[in-house]
Structure formats: C-alpha cells, structure tokens
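Colleague: One letter stands for each residue in the lines below.
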Amino acid sequence: AQTVTQSQPEMSVQEAETVTLSCTYDTSENNYYLFWYKQPPSRQMILVIRQEAYKQQNATENRFSVNFQKAAKSFSLKISDSQLGDTAMYFCAFAGGNYQLIWGAGTKLIIKP
Amino acid sequence: DVKVTQSSRYLVKRTGEKVFLECVQDMDHENMFWYRQDPGLGLRLIYFSYDVKMKEKGDIPEGYSVSREKKERFSLILESASTNQTSMYLCASRRDPLTEQYFGPGTRLTVT
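From first to last, the protein sequence lines stand for chains A and B.
Take the first sequence: its position 98, counted from the start at 1, is 98 in the working numbering, and no numbers get skipped.
When you read off a place in the second sequence, starting at 1, and then add 1000, the result is the number in the working numbering.
Think of the hints as simulated: they come from the structure by calculation, not from any bench.
Heads up, some of the hints might be wrong.
What the hints assert, rightly or not - With a straight-line cut-off of 30 Å between C-alpha atoms, the simulated DSSO-like cross-links for lysine-lysine are:
hint, chain 1, residue 1, chain 2, residue 2
1, B, LYS1003, A, LYS108
2, B, LYS1071, A, LYS108
3, B, LYS1003, A, LYS78
4, A, LYS73, B, LYS1057
Owing to the predicted nature of the structure, the values given are computational and were not obtained by experimental measurement.
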C-alpha cells in the first residue's frame, strides 16, 4: 500500500527566511503525481504545487519550489522569502494509478514576524 | 473560480442522531469526495463519487453513507452518530482524475 510520511509535525521560522518541509512516500508504481496543499487557519485547503513523476524538472510556483528525488521517493517543499500569510498546515499527497490521493499527516508551519 | 460550499461550518449533534452533511460545487465537476480530517492523521477518504448516482467506498466508510442525486451535490450521511465521528469533514471536487481537487471550508462536527 502507498504511504506518505511527513516527519515534521510543526515548524516555525522568521519572516523572510527560507524553509523546507519534508515528505517521503512509498510506492511500487512508476507513474504518479505528487502534490503540496496548504490549509490556512480557518480557511479552505488550496493546491500549492504539483509534480508529475515522469518530469525530471522540479516544479516551481513563484516562491514555492519542490525538490523531487524519485529514486529516494522524496518530495520536499521549499518556501523562499517566507511571509506571514504562509502560516498554515501543509499536506503532502500522492496519487497513483487510481488517481485517489493518499495524504500525509501534515506539517504545521508558523511564520514569526 | 471554482466554489465548493458545505452546508454548515459547525455542527453539534447527539449520539444516535442521523446527520446530513451537504456539499455543493458550481463548476460541473465529475468527481466529488468526502474526507475526514483528524490531527496527526491527515485526510482520510470516506467515500467518493465519479458521476451522478455512482459512489465508491474510500478507506473509512464504516458508519457513513453518501448520496449523489445531482451532479453538483454530494451528501454525507451519518446514520447513527457516535462520539468517535467527532471530526472535521471536508468535501472536495475535481473535473477529472488528472486535475487538482478543490475543497470546501469544512464542517466541524461534534457528537456528544
């Protein structure tokens, strides 16, 4: 069975710093998708970034980028120049051949002013 | 913008009551999902529907049922609420399996 592990339950950094959230997964599939979702306090979950496993290039969305290491089954999220609005729960998710998402437990990220 | 709405943000019910959680999306999405979110466990899939009147069990369907009579609406039913069903319930929809899921604001259900 596929699993997704986020080893950091909580992290905090100062505003403007760079922070990296870790995610590892376990699968025997070769083609799959990986996602990072963000859930701000009392607000809706939104997609941050997505990576297709067949693409070697790491996905980037403005200040958000991923380090996708397929062989190591690692998919970390880097947030550059962190802002107060980045404070949220961050979830890593995996979608294999059945396209259903398998979710990690989440990392609570606090950006301090 | 895609909009997914849920009928209640907060709900308090008594043990044994029948509970209905409603979810509506306005973007003609084929697929809809009900998740349960608990601290330290992430999101767990209860049921999903890939088309009207179609439903599939997720990872934790016990104690729940669903209904999808119209494309835009997906209802989660707790036939007889129990205290271990106290949780945050999230609804999501997507156009097809290769696109992102859009989430509602969640319903925090407390069963006493």
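Colleague: Please go over all the hints and tell whether each is borne out by the structure.
Modeller: Going down the list of hints, with the structure as the test:
Of the pairs offered as hints, the one joining LYS1003/B and LYS108/A holds, with about 25 Å between alpha carbons and a cut-off of 30 Å not exceeded. Restraint check: the Cα-Cα separation between LYS1071/B and LYS108/A comes to about 34 Å, which exceeds 30 Å; the hinted pair is violated. Straight-line distance between C-alpha atoms of LYS1003/B and LYS78/A comes to about 28 Å, which keeps the hinted pair within the 30 Å bound. Proximity of LYS73/A to LYS1057/B is assessed by CA-CA distance (about 28 Å); at most 30 Å being required, the pair is judged to hold.
Violated hints amount to a single one, hint 2; each of the other numbered hints is respected by the structure.
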